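S.K.: Residue-level listing of the chains:
Number of protein chains: 2
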Amino acid sequence: MSDPTGKEVWLAARPHGVPTAANFDIVDVPVPAPTDGHVLVRNQFFSVDPYMRGRMNAGKSYAPPYEVGAVMDGAAVGEVIASEDTSLPVGTTVLHNKGWREYATGPAAEFSPVDPDLTPSTSAYLGVLGGTGFTAYVGLLDIAEMREGDAVYVSAAAGAVGSVVGQIARLRGASRVIGSAGSDAKVSYLTDKLHFDAAFNYHSGPVAGQLAKAAPHGIDVFFDNVGGEQLEAAIASMNNYGRIAACGAISTYNDTEPTPGPRNMFQFVSRRLTMRGFLVFEHNDRRAAFLRDVSRWLREGVLRADETLIDGIEHSPAAFLAMMRGENTGKMVVRL
Amino acid sequence: MSDPTGKEVWLAARPHGVPTAANFDIVDVPVPAPTDGHVLVRNQFFSVDPYMRGRMNAGKSYAPPYEVGAVMDGAAVGEVIASEDTSLPVGTTVLHNKGWREYATGPAAEFSPVDPDLTPSTSAYLGVLGGTGFTAYVGLLDIAEMREGDAVYVSAAAGAVGSVVGQIARLRGASRVIGSAGSDAKVSYLTDKLHFDAAFNYHSGPVAGQLAKAAPHGIDVFFDNVGGEQLEAAIASMNNYGRIAACGAISTYNDTEPTPGPRNMFQFVSRRLTMRGFLVFEHNDRRAAFLRDVSRWLREGVLRADETLIDGIEHSPAAFLAMMRGENTGKMVVRL
Numbered sequence: 001m002s003d004p005t006g007k008e009v010w011l012a013a014r015p016h017g018v019p020t021a022a023n024f025d026i027v028d029v030p031v032p033a034p035t036d037g038h039v040l041v042r043n044q045f046f047s048v049d050p051y052m053r054g055r056m057n058a059g060k061s062y063a064p065p066y067e068v069g070a071v072m073d074g075a076a077v078g079e080v081i082a083s084e085d086t087s088l089p090v091g092t093t094v095l096h097n098k099g100w101r102e103y104a105t106g107p108a109a110e111f112s113p114v115d116p117d118l119t120p121s122t123s124a125y126l127g128v129l130g131g132t133g134f135t136a137y138v139g140l141l142d143i144a145e146m147r148e149g150d151a152v153y154v155s156a157a158a159g160a161v162g163s164v165v166g167q168i169a170r171l172r173g174a175s176r177v178i179g180s181a182g183s184d185a186k187v188s189y190l191t192d193k194l195h196f197d198a199a200f201n202y203h204s205g206p207v208a209g210q211l212a213k214a215a216p217h218g219i220d221v222f223f224d225n226v227g228g229e230q231l232e233a234a235i236a237s238m239n240n241y242g243r244i245a246a247c248g249a250i251s252t253y254n255d256t257e258p259t260p261g262p263r264n265m266f267q268f269v270s271r272r273l274t275m276r277g278f279l280v281f282e283h284n285d286r287r288a289a290f291l292r293d294v295s296r297w298l299r300e301g302v303l304r305a306d307e308t309l310i311d312g313i314e315h316s317p318a319a320f321l322a323m324m325r326g327e328n329t330g331k332m333v334v335r336l
Numbered sequence: 337m338s339d340p341t342g343k344e345v346w347l348a349a350r351p352h353g354v355p356t357a358a359n360f361d362i363v364d365v366p367v368p369a370p371t372d373g374h375v376l377v378r379n380q381f382f383s384v385d386p387y388m389r390g391r392m393n394a395g396k397s398y399a400p401p402y403e404v405g406a407v408m409d410g411a412a413v414g415e416v417i418a419s420e421d422t423s424l425p426v427g428t429t430v431l432h433n434k435g436w437r438e439y440a441t442g443p444a445a446e447f448s449p450v451d452p453d454l455t456p457s458t459s460a461y462l463g464v465l466g467g468t469g470f471t472a473y474v475g476l477l478d479i480a481e482m483r484e485g486d487a488v489y490v491s492a493a494a495g496a497v498g499s500v501v502g503q504i505a506r507l508r509g510a511s512r513v514i515g516s517a518g519s520d521a522k523v524s525y526l527t528d529k530l531h532f533d534a535a536f537n538y539h540s541g542p543v544a545g546q547l548a549k550a551a552p553h554g555i556d557v558f559f560d561n562v563g564g565e566q567l568e569a570a571i572a573s574m575n576n577y578g579r580i581a582a583c584g585a586i587s588t589y590n591d592t593e594p595t596p597g598p599r600n601m602f603q604f605v606s607r608r609l610t611m612r613g614f615l616v617f618e619h620n621d622r623r624a625a626f627l628r629d630v631s632r633w634l635r636e637g638v639l640r641a642d643e644t645l646i647d648g649i650e651h652s653p654a655a656f657l658a659m660m661r662g663e664n665t666g667k668m669v670v671r672l
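Keeping their order, the protein sequence lines are chains Y and X.
1 is the number of the first residue of the first sequence in our numbering; add one for each residue after it.
337 is the number of the first residue of the second sequence in our numbering; add one for each residue after it.
Under the rule of at most 30 Å between Cα atoms (straight-line distance), these lysine-lysine pairs were calculated in the DSS-like manner:
#1 Y:Lys60 to Y:Lys7
#2 X:Lys549 to Y:Lys60
#3 X:Lys396 to Y:Lys213
#4 Y:Lys213 to Y:Lys193
Footprint (simulated), chain X over chain Y, 3 or more residues, beta carbon under 8 Å:
#5 244-252
#6 259-269
#7 276-284
Simulated from the structure, these hints should not be mistaken for laboratory data.
Bear in mind that the values here come from a model prediction, so they are computed numbers and not experimental data.
Beta carbons: idealized from backbone N, C-alpha and C, even for Gly.
Whenever a hint applies, use it, and build me the whole structure from the sequences.
M.R.: Encoded structure:
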C-alpha cells in the first residue's frame with residue numbers, strides 16, 4: 001500500500017497588489033507516520049487571517065515572510081490520529097500553527113490540547129477563543145484601556161476581531177458601541193444580532209460624516225482594524241483623552257503605494273489622544289483572564305461567536321481572498 | 337497731569353495662512369492705578385510662543401481664540417510698581433499671563449511671585465523655568481517615558497522646547513541624542529553648545545534619509561514639535577516599542593489646507609509604537625519635580641538656557657513672526 005497523501009497550500013508567487021488564486025498552489029504531499037515524540041494530526045479547521053497578507057510579501061515584518069514554493073502556516077485545530085508521544089494520545093483535540101494543510105506532523109510540544117466540550121465547535125479556538133478573540137480582548141481592554149462609560153467605535157466591526165470588540169465593549173459597560181462594515185446586511189447584523197447602538201456602511205458615504213452622526217457625543221475609544229480613511233475619521237470624532245488601539249490596517253495591505261496618512265494629526269495634541277499599536281502574541285500574561293472571561297460569556301450566552309465556514313482545502317485560497325474583501329461575517333474559517 | 341499710558345498689542349485681524357505685521361496693532365492705553373486688592377505691574381519680559389498662532393484663528397481649540405480688536409495675552413514677567421494688596425508689595429517680581437503689554441493690572445491672585453535670584457535673568461521664568469521648559473520635561477519624561485539608554489530624536493531642536501528636551505535627554509542618560517533644525521548654524525549650536533550626538537539641517541535633504549543616517553540604530557523616543565514630514569520620518573526610524581510625544585506641529589500652523597499625514601501609520605502595529613499628545617498645563621502635579629531638577633541643573637551649570645531677546649514692544653509682532661519662521665535659538669522673549 002502506498003503512503004497516504006494529504007493536501008497543502010503553498011505560496012506559488014508573491015502578489016503585487018491584490019492577490020489572486022494564482023498566488024497559491026494546492027499540492028499533494030505524503031503523510032509520514034510520526035516518529036518518536038511526534039504526533040500526526042488530521043486538521044479539522046484552519047484559519048485565514050489578514051496578517052497573512054503581509055507574510056505573502058518579501059521583507060521583514062513582525063512575522064517572517066512565507067517562502068515561495070513552500071507550505072504556508074497559521075492557526076489550526078485538529079485531532080491526533082497517530083501518536084508516538086504519551087502526552088497526546090490518539091483522539092486528543094489540539095490547537096497548533098500548522099494550518100493550510102490537511103495533515104500536520106511534528107513534535108508533541110508544537111501541539112496544545114484544548115477542551116472540545118467548551119464550545120459547540122472547536123473552530124472557536126481559531127476565533128473567539130483564539131487569536132482573534134484574544135486580539136479583541138487585549139486591544140480593547142489593555143491597549144485602548146476602555147473604561148465603563150466610554151463610547152467605543154470599531155472598524156471592520158462585523159469581522160472576526162471587530163465583532164468581539166463591540167460585544168466586549170457592551171459587556172464591559174460602554175456608553176455607546178458604534179461599528180462600521182462594508183454592506184447593509186452587516187450593518188443590520190451589527191445592530192440586530194450584536195446589539196451595537198449604531199452602525200453604518202462605509203460604502204454609503206464618507207466615514208467622517210457617518211461616524212459623526214453615529215457618535216453625536218464623540219468617541220473615547222477607537223479600535224482600528226482598517227487604517228486609512230477610518231483612522232482619520234476616528235481622530236476627527238475623538239473626545240479629549242481618547243485612545244486608539246492600532247490593531248490592523250486591512251484597507252492598506254494590498255496597496256502598492258504608501259497609504260495617505262491622517263491629515264488631522266494635530267488633534268493628538270489638542271485633544272490629548274493616545275494611539276498604541278500592539279501584537280497580541282506579546283500579551284500572553286493576559287491569556288488566562290481572556291479565557292476566563294470569554295468562556296464565561298459564551299456559557300452565559302451573552303457573546304455570539306459567528307463564523308463564516310468554507311469547506312475544503314481547495315477552497316482555502318478563495319476563502320482567504322474573500323476574507324480580504326470583507327465577505328465574511330465573524331471569523332472566516334476553512335473546514336476540512 | 338494726565339494718566340500715564342502704556343502700549344499693548346491687539347489682534348488687528350485674523351490671519352489667513354502666514355501672519356504679517358498687519359495682523360497686529362500697537363495701541364496706547366491708559367494705565368489705571370490699582371484698586372483695592374489689585375496690583376500694577378511693569379512688565380520686563382513677555383513670551384511669544386507657537387501655540388499663540390492657533391489662538392489667532394477663530395474657532396475652538398484647547399485655548400480660547402484671541403479676540404479681534406482686543407489685547408492678546410500670554411506669559412510675562414514683571415515687577416510690582418503699585419500695590420493695593422499686602423501679599424505683593426512694590427518691588428516683587430511676578431510671573432503672570434498678561435503679556436503683550438507694557439503694564440499689567442489685576443487682582444493680586446493673578447500674579448505669582450518668583451525668586452529673581454535663582455537665575456541670571458528673570459526671563460528664564462518664561463523659558464527653561466517656565467512653560468517651555470516644563471513642556472520639555474513632562475513631554476520627554478512622562479509622555480514619551482524616556483528611559484536611560486533610549487535614543488532620542490527631537491525636532492525644532494534649537495528652539496525653546498527642543499533645546500531643553502535634548503539636554504534633559506542627555507542628563508537622563510540617553511544613549512544618543514539627535515536633533516534637527518533649520519540652519520547650519522543651529523546644527524553647529526546643537527552639537528557644539530548643547531552636546532547633541534548628531535544633528536542635521538532639515539533643509540539639506542529629506543528628513544527620513546538624514547534621520548536614518550544620524551540614528552543608525554533607530555530611535556526609541558521622538559519628541560515632535562514640528563509635525564508633517566518630521567513625524568513620518570521619525571515613525572520610519574522608530575525601534576520596537578518606540579514612543580512619540582506629540583507636543584506641537586509648527587510646520588502646519590499656517591497651513592490653510594489639511595496637512596498630509598504620515599503614510600506609514602502601519603508601523604504603529606508592526607513596531608508596537610505609542611504616540612501621545614499632551615498639554616502641559618494639565619500636568620501641574622509634576623511642576624515641583626520639574627523646578628527641583630531644572631534649577632539644580634542650572635545651578636550645576638549642566639543645562640544651558642539660551643534665549644533670543646528682542647527689545648521693545650513695538651518689535652513684538654516681528655519677534656513672533658521670526659519665531660514662527662524659526663529664527664530664534666532657544667527661547668524667543670520680548671524685553672521691555
